[in-house]
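*Asks:* Take these sequences, add in the hints, and give me the full structure.
Following the working numbering, the numbering of the sequence shown begins with 1 at its first residue and continues without gaps.
To be clear, the hints were calculated from the coordinates, so they are not data collected in a lab.
None of these values were measured; they are calculated from a predicted model.
It is possible that some hints are incorrect.
Stated by the list, open to error - Have a look at the derived ranges for each label pair, beta carbon to beta carbon:
1. S116 x D150: 27 to 33 Å
2. L15 x F40: 19 to 25 Å
3. K147 x G120: 37 to 43 Å
4. A24 x G58: 23 to 29 Å
5. I60 x P28: 43 to 49 Å
6. F40 x G120: 19 to 25 Å
7. F40 x T101: 20 to 26 Å
8. G120 x M1: 16 to 22 Å
Unchecked claim - Capping the alpha-carbon separation at 20 Å, the derived lysine to any residue pairs in SDA-like fashion look like this:
9. K32 x K90
10. K33 x T43
11. K146 x I75
12. K23 x I75
13. K149 x I75
14. K93 x F73
15. K90 x T43
16. K149 x I87
17. K146 x P136
18. K146 x N30
Glycine included, C-beta positions come from ideal geometry on N, C-alpha and C.
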Amino acid sequence: MYLLFSFVIAALMGLAVIVVRMKAQNYPTNTKKIVLPPFFMATGALMYVVPYFRLNGGEIIEAVLVGLFFSLFLIFTSNFEIKDSKIYMKRSKLFPVILITLLIIRSVGKFFLSDSIDPGQLAGMFFLLAFSMIVPWRIAMYLKYKKLKDQMSIVN
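*Replies:* Here is the structure:
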């Protein structure tokens with residue numbers, strides 16, 4: 001029952017992310033919109049203050065490497081375009097597919113790993129994986145945004 005409930009909640013959250021991301025593409029972006037989300041997410045690292053969520057070295061390396069790998073897909077599908085002298089996220093039909101795929105991989109991983117890893121450590125690993133995925137993605141987005149903004153200032 002708990003597993004089904006957690007899957008439904010994860011699916012709803014994933015759907016919410018897709019909807020928010022698609023709506024965000026209708027508005028111009030800026031540095032704050034790109035850079036701030038990882039800082040807000042970083043507060044979740046306070047979970048590691050509680051011993052129940054702490055990870056060993058192997059778990060940390062594994063979560064970070066998987067997160068870095070998954071970030072490549074997000075980086076690949078996140079591009080910008082100029083419209084009316086403003087910078088917008090470019091629509092990507094692949095982005096929702098990637099998010100849904102990541103959600104499925106996460107859910108399957110949680111199902112299989114929950115038997116061998118304590119729930120607290122598993123939560124810590126998934127947080128670290130997500131953070132390791134979002135930070136490089138946002139850095140890459142910022143660099144792409146800055147490059148486009150610099151090009152716009154040269155033209156003007």
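*Asks:* If a hint holds in the structure, say so; if it doesn't, say that too.
*Replies:* Here is what the structure says about each hint:
no.: 1; hint: S116 x D150: 27 to 33 Å; verdict: violated (49 Å)
no.: 2; hint: L15 x F40: 19 to 25 Å; verdict: holds (20 Å)
no.: 3; hint: K147 x G120: 37 to 43 Å; verdict: holds (41 Å)
no.: 4; hint: A24 x G58: 23 to 29 Å; verdict: violated (36 Å)
no.: 5; hint: I60 x P28: 43 to 49 Å; verdict: violated (37 Å)
no.: 6; hint: F40 x G120: 19 to 25 Å; verdict: holds (22 Å)
no.: 7; hint: F40 x T101: 20 to 26 Å; verdict: holds (25 Å)
no.: 8; hint: G120 x M1: 16 to 22 Å; verdict: holds (20 Å)
no.: 9; hint: K32 x K90; verdict: holds (18 Å)
no.: 10; hint: K33 x T43; verdict: holds (17 Å)
no.: 11; hint: K146 x I75; verdict: holds (15 Å)
no.: 12; hint: K23 x I75; verdict: holds (19 Å)
no.: 13; hint: K149 x I75; verdict: holds (18 Å)
no.: 14; hint: K93 x F73; verdict: holds (13 Å)
no.: 15; hint: K90 x T43; verdict: violated (29 Å)
no.: 16; hint: K149 x I87; verdict: holds (8 Å)
no.: 17; hint: K146 x P136; verdict: holds (15 Å)
no.: 18; hint: K146 x N30; verdict: holds (9 Å)
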